[in-house]
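S.K.: Work the whole structure out from these sequences, hints included.
2 protein chains.
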Amino acid sequence: MPRSIRPAPGNLLYAQSGGPTAVINATAAAVIQAARRARGKIGKVYAARNGILGALREDLVDTGALSDAEVRAIGHTPGAAFGSCRFKLKGIEDSRAQYERLVAVFRAHDIRWFLYNGGNDSADTSNKISRISAELGFPIHCIGVPKTVDNDLVVTDTCPGFGSVAKFTAVSMREAALDVRSMAESSTKVFVMEVMGRHAGWIAAAAGLAGRKPDEAPHLILFPEIPFDEARFLAAVKATVERVGWCAVAVSEGLKTADGRFLAEAGGKDAFGHVQLGGVGPQIAQLVTARLGYKNHWSVADYLQRSARHVASKTDAEQAAAVGKAAVEYAVAGMNAVMPVIRRRANAPYRWTIEPAALADIANHEKKMPADFIREDGYGITPAARRYLAPLIQGEAFPPWGPDGLPAYATPRFKAVRKRLPGYAIADR
Amino acid sequence: MPRSIRPAPGNLLYAQSGGPTAVINATAAAVIQAARRARGKIGKVYAARNGILGALREDLVDTGALSDAEVRAIGHTPGAAFGSCRFKLKGIEDSRAQYERLVAVFRAHDIRWFLYNGGNDSADTSNKISRISAELGFPIHCIGVPKTVDNDLVVTDTCPGFGSVAKFTAVSMREAALDVRSMAESSTKVFVMEVMGRHAGWIAAAAGLAGRKPDEAPHLILFPEIPFDEARFLAAVKATVERVGWCAVAVSEGLKTADGRFLAEAGGKDAFGHVQLGGVGPQIAQLVTARLGYKNHWSVADYLQRSARHVASKTDAEQAAAVGKAAVEYAVAGMNAVMPVIRRRANAPYRWTIEPAALADIANHEKKMPADFIREDGYGITPAARRYLAPLIQGEAFPPWGPDGLPAYATPRFKAVRKRLPGYAIADR
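Protein sequences appear in the order of chains A and B.
In terms of this note's numbering, the first sequence has 20 at position 20, counting the first letter as 1, and numbering is strictly consecutive.
In terms of this note's numbering, the second sequence has 402 at position 402, counting the first letter as 1, and numbering is strictly consecutive.
These are computed hints drawn from the structure, not numbers from a lab.
Treat the hints with care, as some may be off.
What the hints assert, rightly or not - Label pairs and their calculated CB-CB ranges:
1) B:Ala69 with A:Glu242: 32 to 42 Å
2) A:Gly137 with B:Gly293: 34 to 44 Å
3) A:Asp229 with B:Ala290: 27 to 37 Å
4) A:Gly137 with B:Arg291: 47 to 57 Å
5) A:Glu242 with B:Lys213: 23 to 33 Å
6) A:Glu366 with B:Arg291: 27 to 37 Å
7) A:Arg344 with B:His365: 55 to 65 Å
8) B:Ala384 with A:Lys295: 52 to 62 Å
9) A:Lys295 with B:Gly293: 30 to 40 Å
10) B:Pro412 with A:Ala346: 50 to 60 Å
11) A:Lys295 with B:Glu230: 55 to 65 Å
12) B:Asp229 with A:Glu355: 57 to 67 Å
13) A:Arg375 with B:Ala290: 49 to 59 Å
14) B:Arg291 with A:Leu292: 50 to 60 Å
Claimed, not checked - In silico DSS-like links for lysine-lysine, alpha-carbon gap of 25 Å or less:
15) A:Lys314 with B:Lys325
16) A:Lys415 with B:Lys213
17) B:Lys90 with A:Lys295
To be verified - Quick partial rundown of chain B residues pointing at chain A, CB under 7 Å, derived from the structure:
18) Ala176
19) Ser187
20) Ser307
Note that the structure is predicted; figures quoted are calculated from it, not measured.
Ideal Cβ placement from N, Cα and C applies to all residues, glycine included.
M.R.: See below:
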């Protein structure tokens, strides 16, 4: 667990990794704000452009050039303000040159703290950098900062970013269902909403929050945890339409066949003759129409769901800011190879605290949805799931809106940090 | 133009038609509220279940049983509160029995005013009922009340419902673009957002409001008005990615090939071997990847866009309420075969008034997007389009939010009106 060696004064580097969330920049803003409050203990606060790629390329920006108002505006803007990346550092054996380069960049800019804001892979990367930088004689204090819409980090109660995509999903299901309900008599009878979640049904489960009473939408949820049984599903749709008059389905993009293949990759060609990638939502919808004759509509919100800052969860936004603030506090306190995680203290009202956990306990693990979160018939969520999920979408954190009727999102120009090293070409891409 | 024969006292029937909008119930609530204020002049306020189908079936509800709070709550709920339908009455020659049945229902319930809330077809239906009911000896005063996300009604400046779908579209494009922008360096380079609009590019044009400066998203808009030129489009995507680093595309579901076919119907089979219906968004995205090699993501919001009451335009919600209120005032004033339309008085700040227009001038016409709204290269909107569109998304009209983190939408139980006639089977369905 956390070491408490007092770090030498120096600069802090923050970077963002993996798919953005609606609130990842709430974390970024909180990091910058907390570090500003720690002036004297922390020197400059740099951010890497496009995550670890920017660190490798020495492509850094100086957040000190941002006004407090600009930092606040970044905090309510979706996307990853400093750019993100999909790039995983391998082990020291395979990628010694990359670790040496990173340490050279850190040394050149007197970077003593590295805060990496991401999911599983980033926790792993942070953990490795912490260890290897010490081996290379320039020890960096690494703090992983949690972020992922997938909600698949272990130890922490939830991952900042998940609560907002969950809220978008539940709100959208409730709204679209009201639309379908009012047209079902003479038009669309089955609506299928595809949601993200390649490996676990967390977001699909969140759709379940849209309904509380029996026969409220969504009537059926297709989880990646439950192999798709076409005949059983069609029977359930038919029974729902005959009982309720219509049927709303939430389907996870990660829905699999009984033999373990993603339905979305099971095939088909589009109008141009290309293999159809993705789109399990339309597949399910068309299946229903072909076999049961019901008119269908389907939606795939895709990036809309994870960037919908306009309907962010207040709880989620607060947690995103809290982990950013804590990460800086841990850095100042000399902790290393830790991640601020959320611990649930109570369900109703939801109370939570932030505490440090060792990156080693988090990296390379994946939190699955508990089996008792899925209803016995496989098509809905249980009260246990509801108790867990409900608090995460509570409260609204509206961004300020501009006179143009759009959220006042900010993409300030950043001040580049002057490079001190020769250029570097990244291998293994 | 409006006749001013004083109608006999009696009851009012309101019905909803066609695809719901985020604000159609703001109109419904305003109708009920205005009619309550006109007590003494208007008797009971009935609503037909599922539009004209409910009128034919004598399936009516008495809105008098709703509390004022319930009416207000309906007003901020998406979907069509009383149910809607896709059903067009034919001419008197083909459907004499249906008109006779309608008049019998109106007579049985002393309905003297019929307010039909819909688009083109509903304006036509209202106009016919007005004429034919007089011929059948029980003259009904008919008021068409505008509603359609398609924005294709003539005479009126805009159609209630369009401003909110336009706002959802512009907000979503801005948010998703921030996501793509931050990942483009190592992941998705092209994002394609499909929007509604089978025959006209109004909603696609609204996506253009997301960007103001050159090279702000959306970089390319594919309008149904401009035949799809694959080679030219791919060249434009490539140039955008090379210049900006990524490319966001808005595509109308109504995009057509040069020979006039919908791209979405151009073919392809899904994983189950069924013909692929719809989904021009994924088609375009996959085309880009197949020909240019860029990683893509795509979204099809479908019903999410027209039911997104949580991000409704305040301007739109106000106009929806204003046409409902005016419709009742016109009814009380003895007008017939008219529709309250929106007249634009000024662009900035947007000022508008409501005035009556003859249904005969509106029914069976379709408002096309002016040619000078589309940029010369065919891939964007002009300043003229922006001047027209910008006011329509201004202001936010948030619904109240519940403690569960979801909008507090209302679906009260309605009090059925006792039937006085024998049952009726609807032909021509």
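S.K.: If you check each hint against the structure, which ones fail?
M.R.: Numbers 5, 8, 10, 11, 13, 14, 15 - these are the hints that the structure violates, sorted from lowest upward.
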